[in-house]
Amino acid sequence: MLYRPINQNYHDFIVQRDRELCINCRVCERQCSYLVHYWDENRKQVMHDNAKCVGCHRCEALCPTGAIVIRHNPSQFRENSHWKPWFIKNVYKQADGGGVLLGAMGNPQPYPIYWDRLLLDASQVTNPSIDPLREPMELRTYLGSKPDSLEFEEKEGKPSLKTKLSPQIKLNYPIMFSAMSYGSINFNLHIAMARAATELGIVYNTGEGGLHPDLYQYGPNTIVQVASGRFGVHRDYLNAAEGSDALSPAPHHDIYSIEDLRQLIYALKEATEYRVPVSVKIAAVHNAAAIASGIVRAGADIVAVDGFRGGTGAAPTMIRDNVGIPAELALAAIDQRLRDEGIRNRASVVIAGGIRCSADVVKAIALGADAVYIGSAALVAVGCTMCQRCYTGKCPWGIATNVPSLARRQNPEIAKQKLVNLVRGWAHEIEEMLGGMGLNSIESLRGNREKLRAVGLNEVELDIFGVKPAGR
Amino acid sequence: MKYLIIGNGVSSIGAIEGIRKLDQESEILVISEEEFPTYGRPLISYYLAGKIGDDRVWLRKKDFYSKNKVTLKLQQKVTALKLAEKRVVLQGGEEERYDKLLIATGGTPFCPPIEGSQGEDVYFFTTLAHAKKLDANCANLKKVVVIGGGLIGLKAAESLFDRGVEVSIVELAPRVLSAAFDDTAGNIVAKRLKELGFNIYCNTTAKEIKRTEEGRVKGVLLQSGEFLEADAVVIAIGVVPNLTLAKEAGLKVNRGILVDKKLQTSEVDVYAAGDVAEAYDFLVGENRVVPIWPNAYSQGFISGQNMAGANRDYTGGIPMNSIGFYGLSTISIGLVNPPEGQGFEISTYVDEEEEIYRKLVFKDNFLVGCVLVGDVDMAGRYAGYIRFKVPITEDKVKAHLINNQPTYLEWPEEMFQAQWNSAARIR
Amino acid sequence: MKRVYVNPEVCIGCKLCELACLTEHSQSKDLIIAYREERMQGLLPRNTVEESGWITASLNCRHCAEPYCIQACISGALTKDAESGRVVYEEEQCVGCWSCLMACPFGAIKRHPIKEKIVKCDLCPERSIPACVSACPNQALTFEEK
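Protein chains in written order, with our numbering: chain A, 1 to 472; chain B, 1 to 427; chain C, 1 to 146.
These aren't lab readings, by the way, just hints derived from the structure by calculation.
All values derive from a computational prediction rather than experimental measurement.
No residue lacks a Cβ here, since even glycine has one placed at the ideal position from N, Cα and C.
Fair warning: there could be bad hints in the mix.
To be verified - Just the calculated beta-carbon pair ranges, DEER-fashion:
no. : chain 1 : residue 1 : chain 2 : residue 2 : range
1   : B       : Glu286    : C       : Met40     : 50 to 56 Å
2   : A       : Glu20     : B       : Phe36     : 53 to 59 Å
3   : A       : Asp236    : C       : Ile129    : 41 to 47 Å
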C-alpha cells in the first residue's frame, strides 16, 4: 500500500467481502469506528483497508447480507517456534514508534489454564444425586467476616443470638460483576450492571471511576471501590453502597505496610459507620497467600484476588502478559493459608480473573472461594468479542468507550437483560452440577476439594491445589 | 339528534368524519346544489387535462355515505334558514328540521364586471360541472384566454394547454401567483410556462370580451390595448364566500361568516366551516377567510366534533399551497410575503439553472413561512417548524434550515417527545 | 393503537431499518435484489434515519389520530382506517399533488423518485411487527401502544 510504513501490511486480519452479496449499503462503514470500511467515490463501492482491522467483528455481525467474514491474515512468516509472529510484529511496531506496547483485557498467552485441568465429581450408586428441578437448592451466599464462635442467651424464655455479627453482603448467587470503572466502560453499561445486579439480588462493583448520582438508587447492590487514584471517593460515595472495596494495583501512596492498610480499612469502616463490609482487592502475585493473611489480620472483611487473566481497559502488554500468577493457584494457596492460620472465617474470599463459565465458578468455590467476580464474561455477554483494543476508546461494540455515538450501541435495557440471562443460566448449571455431586447448597461445596480431581498436573501443583489426581 | 350540513365539499366530509368519531348513530343529512357526490375539487384540473378519468375524481369511496349513515340530497338548493325554528327551506318550499346545522357552502367564482362576460364561451373553473363542460367543448377550442394568474387560473391554463389549446394568461398583478407565492417563485413558474409556450400578460386585465355577431367569443381586449384572439375565456379571478343564506338569516358576517373558536356562528347550534367561514388564523392571530383545502377539512372536522358535543377549539390553520407545473413543484407555507420593517428575517437560496428556489421567513426565533420551488421534499419538516412553533435557538439549527436540512432531531427534546414520540394527536 | 416509537438515545444510525423497509416493500422480498435493482426503479424506504451530528433516529409516519395529511389530501388516496387506526394510502388514487407532503409536520411523506406518487409507511400490514422494528439491532425502535 502506497505511503504507508512497510510493516503495516503485516496486519492481523483481513476483511473478506463477498462481492456477490455486498450491496454497498455502507452499514459496515457506519459501524466501524476504526475506519476500515470506506466509500470509494471513484469505484462507487464500499472498500476496506485490512491494515486497520482489529478483528472486532462488528461489521460482520451487522452486515445485512452476510457478505463479510473477518479472517486471520493467512500471510505467514517462516515457521519459528521461538520467533513467533507475535514477537516479530511487536518488534516492528516498537521500531516504528518506540513506545510501550499497549494491550487490554486479560493475559491471552498460552499459560496453563488450571480450570481445564480440574474435573468435578458426580454421585454414583453410593450417594444419591439431587435434582434441582424437584428439590430445593441453595446458592445464597453471604460475604463478610464470620465470628469465631457463636454465643446465645435466653431472652423471655427464648434463645437468642448474643454474638454481634459483622456486616454481610447477601448474594442470591455466588457471582458478582467485577470492578469496571465508569470510564473504562460507559454509563449505559453501569446502569445495566446496576439494574441487573438489583434484579438478580447480587452486587456490582463501581470500579475506580466514582459513581454517577443516578446510580445511588442501586446502592444496596453496589460495591464502591476506593482505588489508588481515589477518584470520586467521598463520604456520600462510600455510604451509597452495600460494600466498600479498597485497593487495586500499584501504589496507594498512603499504604506502605500492613499497618497503613489497617488504617485505611478502619478509616473506611468509620466513614461507613461499620454498616458495610470492607473488601481488599489484590492482584494474584507470588506471595499472595501471605499478603492475604496480612489483609485479613488488618481487618478486611473480604479478600478479593484478581488473577492474571483478569481484564483491563489498558495495560502495557508486557505487564499484562508476564506479571502475576494464575488465579486458580493463588486461590488455593490463600484458602489453605487462611485455614492453616485459623482465620479463614474472618474474611470471605472472592476470586476474579478469567471466569468463563459456570463450571469455572463451581471449581473456584470448591477450591475455597466464597464467590466470584465476572468482568470479561459480563462484557462478552453484551457483545465483546475480545479484540483487546479497549485502550483505543473506540470500542465498536459500545462497551469500552465513552464516545457518545458508540456508547449508545449499548442499550441499557438489552444489556441488563443479557447480564441477567447469563447469571440465571449459570445459576441453573451450578445447581445441576451441585446436584450431580449430591450437594444441595453452595456452602457444602466451599473449599470441598474432595469434589475435584486433576488431570495432567505435577506433584507440586497437586499439592498446592490440595487436589488428588484423577483416578485416585 | 339530527345534523344538517349544507354543502358537500371537503368541509362537509370533514364534518361527517368528525361527527362519526363521536356519534355513530344520529341522522346526518347533507344537502348539496351540485349533482355529484363529493369529489376532490382541485382534481378538476387533472380531470380536464385528461390525467384522470371519471373513476378517480371522487374524494371518498362510493359507499362513504352509506357506511357513515349519511343521507345525501343532491341538486337541492337551500333558499332560506329559519333559525328560530331550526329549519331550512329548500327550493320548492320543502323544509328540513335540524338540531345542529353546518353551513359549508364554500365560495362562488368572482366575476368582475367585464363587458361581454355574460353569454356563451365564458367558463369558470371551480366545480366538476365546470370541468366537464370545458372538457366537452375542448375539441373545438384552439385559443383560450384565462383571466387570473392565481392557482386556479394557472391550473386551468395548464389543463387546457395539455389538451392542445393555445393559452394566454392575463394577470392584473405584476406577476403570476401573486397571492400565495413571492416574486421569485412566481417568476420561476412564469418562466417555465413561457418556455413551454404559454402567453402571459401581467400588469393588465381584460377590458372587454369581444364577441361575434352570433354572440360567440372572438377575443379579449386588454386594458393595455392588446387584443388576444380566443374561442373561449376562463374567468379565474378568485372565489367569494357564499354568504347569501347567512346574511339573509341575520348571522353575523364580515368577509365570511364570523365564527368563534368553536366554529359556531353568532347563532347557537349553527356552525360554519371552510371557504365560507371567517375563522381564526393562527399566523395573523385574528379571524380571516383562508380558502385553503386543508383548513376546510379541519374546520369541518372540528365543527363536526363540536356539533357532536366535543367542545374543541379550532386552533387555526396555516395557509399552504402545493402546486406543480410540468414537473416543477412549488409549495408555499405560512407567511411568505411579510410586511417590511416588522422584524422579519428572510433567507433565500436560488439556483436558476436547476430551477430551485427556497425562501424562509423567520420572526424572532421562529420559522413563520417558506416558499419552495423545485426541491420540495423538506416541505413537511418546515411545516412542522411553523405549525408547532418550534423555537430555533441555535445557529446550527438555523443553518440547517437554511441549507434545506431541517431535522426533528434538532427540535427541543420535550417537543420531540411530545409531538413526535407521543400519540400524535394534534391539530 | 400500536405505533412505531423511536428512542434516539440508543439509535446507532446503522440504517438497517431502512434496508428492512426497502426489502419488505419490494417485489422480490430479497434485500440484494431490492437494493441493487428495484431501488434503481424507484423503490424507496418509507422511513428515514435522521442525523444531526452523532444523534440519529429512524422516523416514519406517526399514523396520527387526526392526520394532517388526510386533511390535505385532495384525491382520497389517504384515509384513516377506523379499525386499525392506520393511515392507509392507495397509490392508484394519488395524483402527486404533494399536498400531504407539505401538510405533514413530521415530514413523513416522500415523493416517489419516478412516479408522480407519494411513498409512505404502511406499518407493514402483512407482518405482526413492522419490518423496521424487527430489524433494529438495538431496540431503538419499538412497536407498542403508549
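Checked hints:
The given range of 50 to 56 Å is respected by Glu286(B) and Met40(C), whose C-beta atoms sit roughly 51 Å from each other. The hinted window of 53 to 59 Å between Glu20(A) and Phe36(B) holds, with their beta carbons roughly 56 Å apart. Our hint of 41 to 47 Å for Asp236(A) and Ile129(C) holds, since their Cβ atoms are close to 44 Å apart.
Violated hints are absent here; each numbered hint is respected by the structure.
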